[in-house]
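Enquirer: The residues making up each chain are set out below.
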Amino acid sequence: MSASLAPECNDVKERYDTCFLKWYSEKYLRNTATTDECEPLFRQYKTCLTKALKERGIDQMLEDAKADNKENDAEYMKPVG
Amino acid sequence: MRIFASQHEFAYSWEEVSTNNWRKYCAHNDKASHVLAVDTLSRSLDATTHILRTERLITCRQSMPQWVKRIMGSDDTSYVYEVSYVDAQAKRVTMCSQNMTWSELLQVQEKVVYTPSVEAEGHTRFEQSARIIALCGGWQKIKNSIEEISLERFRQNAAKGREGFERVLEISRQVFAQQREEARQQREGVAA
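As given, the protein sequences belong to chains A and B, one line each in that order. Residue 64 in UniProt numbering sits at position 64 of the first sequence; the count goes up by one each step and never skips. Residue 47 in UniProt numbering sits at position 47 of the second sequence; the count goes up by one each step and never skips.
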């Protein structure tokens, strides 16, 4: 998997990515996943990342991009067929 | 405005493709050296539809012509915001991304869809489309040139992207086969 833009988050990111890939291929794709089991690890990674994004001044740019994405959510969150 | 559209078939199952899609920008992929980092911003599983929604931030660095740098500013680092939707029941991955950096000057919006191939079983169809619009005020000629350069760069990246992803899929399959073989040998070693 690739690195984080914040090197200080690389370790926790790698642990989360590993958990996610396993959950994704072994549970989610087999339609047996009921919850996101990697959520606790993600929260740790997210704490590190949020701080890094703020320090780099990227957080506002992200809020704007998210606002632009509302149409995609409306279209692709509906199940197909 | 410039439009880009392409299709491709990967000779790998939808499950393999959608799994390796998350690892596309890994160290094995030397075609993706322009991608410096990939960070997951959010991930949620819809309880009713089981659609997996993920937001990611992709950090890139690409060289560009001097005159473009003068107009856009000389920092080579750019950020892309991507939202993806995986519907495991319908077997469909949809990825929507847009540039964040220089977005007041140039808008590049990309959509990628992975679905099982209808032509060949065990294969995956890949459809990619993009819209490139130069928003900067100024002469139409400059806007056209910026759009053309962006389109050409997008096309090159798209071709590299497919090659790089093919390599990631190939390595992943080899590793998986090796792991299965080792597991089989262990079982037979124990049984013997």
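Just so you know, not all the hints are guaranteed correct.
[As the list claims (entries may be wrong)] Here are the simulated lysine-lysine pairs, DSS-like style, with alpha carbons at most 25 angstroms apart:
#1 A:K22 <-> A:K46
#2 B:K111 <-> B:K91
#3 A:K54 <-> A:K70
#4 B:K91 <-> B:K141
#5 A:K54 <-> A:K66
#6 A:K66 <-> A:K78
#7 A:K54 <-> A:K27
#8 B:K160 <-> A:K78
#9 A:K70 <-> A:K46
#10 B:K31 <-> A:K70
#11 B:K160 <-> A:K70
#12 B:K91 <-> A:K22
#13 B:K111 <-> B:K31
#14 B:K111 <-> A:K66
#15 A:K27 <-> A:K70
#16 B:K91 <-> B:K143
#17 A:K78 <-> B:K31
#18 A:K51 <-> A:K27
#19 A:K22 <-> A:K54
#20 B:K31 <-> A:K27
Rather than coming from a laboratory, the hints here were simulated on the basis of the structure.
Enquirer: So, for every hint listed, does it hold in this structure?
Expert: Status of each hint after checking the structure:
1. A:K22 <-> A:K46: Cα-Cα ~19 angstroms, so holds.
2. B:K111 <-> B:K91: With a Cα-Cα distance of about 17 angstroms, the restraint between K111 (chain B) and K91 (chain B) holds, given a limit of 25 angstroms.
3. A:K54 <-> A:K70: Holds, at about 23 angstroms.
4. B:K91 <-> B:K141: Between K91 (chain B) and K141 (chain B) the Cα gap is close to 43 angstroms, so the pair fails against 25 angstroms, i.e. violated.
5. A:K54 <-> A:K66: holds, 16 angstroms
6. A:K66 <-> A:K78: Given pair K66 (chain A), K78 (chain A) holds - Cα atoms ~18 angstroms apart, limit 25 angstroms.
7. A:K54 <-> A:K27: violated, 34 angstroms
8. B:K160 <-> A:K78: violated, 32 angstroms
9. A:K70 <-> A:K46: Satisfied, since the Cα-Cα distance of roughly 22 angstroms is no more than 25 angstroms.
10. B:K31 <-> A:K70: violated, 32 angstroms
11. B:K160 <-> A:K70: violated, 30 angstroms
12. B:K91 <-> A:K22: holds, 18 angstroms
13. B:K111 <-> B:K31: Answer holds: K111 (chain B) to K31 (chain B) is near 20 angstroms, not above 25 angstroms.
14. B:K111 <-> A:K66: Status holds; Cα separation ~16 angstroms.
15. A:K27 <-> A:K70: Violated: K27 (chain A) and K70 (chain A) sit about 28 angstroms apart, past 25 angstroms.
16. B:K91 <-> B:K143: violated, 39 angstroms
17. A:K78 <-> B:K31: violated, 34 angstroms
18. A:K51 <-> A:K27: violated, 31 angstroms
19. A:K22 <-> A:K54: violated, 30 angstroms
20. B:K31 <-> A:K27: Given pair K31 (chain B), K27 (chain A) is violated - Cα atoms ~30 angstroms apart, limit 25 angstroms.
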